[in-house]
Amino acid sequence: MSETEIHPRTVPPVPAPRTAAAPAPRSPGSRLRGLLGRIGPALLLVSVGLLAWQWCVTAFAIRPQVLPSPARVLEQGWAYRDQIWANTVPTLQVTAVGFAVSLALGWALAVAVDFSPWLRRALTPLLVASQTLPIIAIAPLLIIWFGFGLLPKVVVIALVTFFPVAVGLIEGFAATDRQATNLLRSMGATRWQQFRYVRLPGAMPAFFTALRIGITYAVTGAIFAEYVGATAGLGIFMNLQKNSFRTDLVLAAVAVTALLSITLFALTHVVQRLLIPWYGKDRRARG
Amino acid sequence: MPAAELAVQGLVKAFPGPLPVLDGVSFDVAAGEFVSVIGPSGCGKSTLFNVIAGLDRPDAGRVLVDGADATGRVDPFAYMPQQDLLFPWRTVLDNTTLGLEVAGIGRAAARERARRLFVPFGLAGFENARPFELSGGMRQRAALLRTVVQDRPVLLLDEPFGALDSMTRTDMQTWLAQVRTRFDWTVLLITHDIREAVFLSDRVVVLAPRPTRVHREVPVGLPQPRTAGMITSPGFAAVEAELLDALRARL
Chain A
707 MSETEIHPRT VPPVPAPRTA AAPAPRSPGS RLRGLLGRIG PALLLVSVGL LAWQWCVTAF
767 AIRPQVLPSP ARVLEQGWAY RDQIWANTVP TLQVTAVGFA VSLALGWALA VAVDFSPWLR
827 RALTPLLVAS QTLPIIAIAP LLIIWFGFGL LPKVVVIALV TFFPVAVGLI EGFAATDRQA
887 TNLLRSMGAT RWQQFRYVRL PGAMPAFFTA LRIGITYAVT GAIFAEYVGA TAGLGIFMNL
947 QKNSFRTDLV LAAVAVTALL SITLFALTHV VQRLLIPWYG KDRRARG
Chain B
36 MPAAELAVQG LVKAFPGPLP VLDGVSFDVA AGEFVSVIGP SGCGKSTLFN VIAGLDRPDA
96 GRVLVDGADA TGRVDPFAYM PQQDLLFPWR TVLDNTTLGL EVAGIGRAAA RERARRLFVP
156 FGLAGFENAR PFELSGGMRQ RAALLRTVVQ DRPVLLLDEP FGALDSMTRT DMQTWLAQVR
216 TRFDWTVLLI THDIREAVFL SDRVVVLAPR PTRVHREVPV GLPQPRTAGM ITSPGFAAVE
276 AELLDALRAR L
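Chains as they are written, first to last, in the working numbering: chain A, 707 to 993; chain B, 36 to 286.
Read the hints as simulated data drawn from the structure, not as lab findings.
Be a bit skeptical, because a hint or two may be false.
Stated by the list, open to error - Non-contacting residues of chain B with respect to chain A, defined by C-beta distances greater than 10 Å in every case (computed):
#: 1; residue: GLN117
#: 2; residue: GLN185
#: 3; residue: GLU252
Unchecked claim - Quick list of the computed label-pair ranges, beta carbon to beta carbon:
#: 4; chain 1: A; residue 1: VAL976; chain 2: B; residue 2: ALA159; range: 34 to 42 Å
#: 5; chain 1: A; residue 1: ARG744; chain 2: B; residue 2: ASP200; range: 45 to 53 Å
#: 6; chain 1: B; residue 1: GLU162; chain 2: A; residue 2: PHE852; range: 26 to 34 Å
#: 7; chain 1: B; residue 1: GLU162; chain 2: A; residue 2: ASP788; range: 54 to 62 Å
#: 8; chain 1: B; residue 1: GLY52; chain 2: A; residue 2: ARG826; range: 22 to 30 Å
#: 9; chain 1: B; residue 1: GLY160; chain 2: A; residue 2: GLY743; range: 47 to 55 Å
#: 10; chain 1: B; residue 1: SER81; chain 2: A; residue 2: ARG826; range: 42 to 50 Å
#: 11; chain 1: A; residue 1: TRP851; chain 2: B; residue 2: SER81; range: 52 to 60 Å
#: 12; chain 1: A; residue 1: GLY740; chain 2: B; residue 2: SER81; range: 30 to 38 Å
#: 13; chain 1: A; residue 1: ARG897; chain 2: B; residue 2: SER201; range: 33 to 41 Å
#: 14; chain 1: A; residue 1: ARG990; chain 2: B; residue 2: ALA95; range: 43 to 51 Å
#: 15; chain 1: A; residue 1: TRP813; chain 2: B; residue 2: PRO258; range: 54 to 62 Å
For clarity, every value in this text was computed on a predicted model and none was experimentally measured.
Cβ coordinates follow ideal geometry from the N, Cα and C atoms, glycine included.
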């Protein structure tokens, strides 16, 4: 391969570049305003709802066993913070392990399906079927089979989160532009190289969408699995408090669950920004 | 790699349907020649290109590069599709080295080779930019750079400027007309733009619509390098009129 032919004999003139102006870096102040602009409406709506709730409980003198006021939920939740925290940690652990298993399985399956049309045809019905399983009926059976330990909870979380992760990835791979595939083929790329250079990075935005759906299901899945039977965790805590008519503590645990989900959800955005920083900028540039 | 000659002999390609898409397409491109293929839309230009590029196999016929059978082979051709297909997860430089990386050339060596072309391609200073920071014309030049840096014997350009606005397209055509006289390239260009075909080519192949055959071959006798002023010359207008007639006769 000689280099002279490809090297210019003389440098030809070049049309003046019409460059799109690079976006100006955002100041910390405008970033804070941006954040407020994004979460402000939600905060406002939640505040209005809580105030209305508080007012109803006071105005109609509702018994706290039926419906405690938000203030009472907060106060009692704080008083029992040690117990709640002690039950939050196991729930987080179960969620993390279950979701990690789900991610590993989802990736393995999606990659396998991407490489084999036969596997795609064989596994797609099974994937859909896994979503029609009535978890509410199966979860108690899992306890009977696997006991009160980690395993039945991991299975429940995997069952509810595996589908969105796997399907998101499979469709992300499959959404690869046909022309991009042709370009890679024209370069002489093997199927593996096509996957590595185009299909995999191109599927990352779809993966993060799937991740967000999956992670919220994972928390609810964990709570549900614990509700059916566990030695510790927010799920079993809610069940026990309900049995002793501590509605306020049930709701306090619900609030913690919601916070947990929102935090994990936000975390996926952080990870996304670290792993595929090009994605948001590319989308903004395209308008 | 020096420019090679390309011979397309009796290509036939049918898809399920009443008529074959390609029905015996034959033409030659000499080494270092720039030939455009024009034809009415839907006449199978892209199918022809995919078959020549080795992405589709023909039902009959052969593709020869320097006399050797290259039917169904991708390696003699560097292919530039209509969309720029620059990947946002790679920098501009790493986009241009993709073909070299696929071919197993080390990253440093590939970058070194691509980097040398950034000045003639008007992309100097944008090596580490992301594709979305480039203008449409620059993106297209980066895509062309990615194509030629593979150093393959024949360049296949599939409507490379089709998606650009008309000002940028004119700039790009002028630039390509000049840059190509300084490199030793054999180029086959697909376009539906008659003016572009005349302006850039040594010869224009006119396709007849389905079933697709070569209808006419029109040499463009204008001197090299082409300049923007030639577009209004009588010689240019004559070739343009001849091509327009050839296209109309078949519609």
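Hint check:
1. GLN117: violated (7 Å)
2. GLN185: violated (7 Å)
3. GLU252: holds (26 Å)
4. A:VAL976 - B:ALA159: 34 to 42 Å: holds (36 Å)
5. A:ARG744 - B:ASP200: 45 to 53 Å: Violated: the Cβ-Cβ distance is about 34 Å, outside 45 to 53 Å.
6. B:GLU162 - A:PHE852: 26 to 34 Å: violated (56 Å)
7. B:GLU162 - A:ASP788: 54 to 62 Å: Once the Cβ atoms are compared, 57 Å apart, the range 54 to 62 Å for ASP788 of chain A and GLU162 of chain B holds.
8. B:GLY52 - A:ARG826: 22 to 30 Å: Given a distance of about 27 Å, which is inside 22 to 30 Å, the answer is holds.
9. B:GLY160 - A:GLY743: 47 to 55 Å: Given a distance of about 35 Å, which is not inside 47 to 55 Å, the answer is violated.
10. B:SER81 - A:ARG826: 42 to 50 Å: violated (27 Å)
11. A:TRP851 - B:SER81: 52 to 60 Å: holds (57 Å)
12. A:GLY740 - B:SER81: 30 to 38 Å: violated (44 Å)
13. A:ARG897 - B:SER201: 33 to 41 Å: holds (40 Å)
14. A:ARG990 - B:ALA95: 43 to 51 Å: Between ARG990 of chain A and ALA95 of chain B, where Cβ atoms are some 50 Å apart, the hint holds.
15. A:TRP813 - B:PRO258: 54 to 62 Å: holds (60 Å)
This entry does not satisfy hints 1, 2, 5, 6, 9, 10 and 12, going by the numbered hints stated previously.
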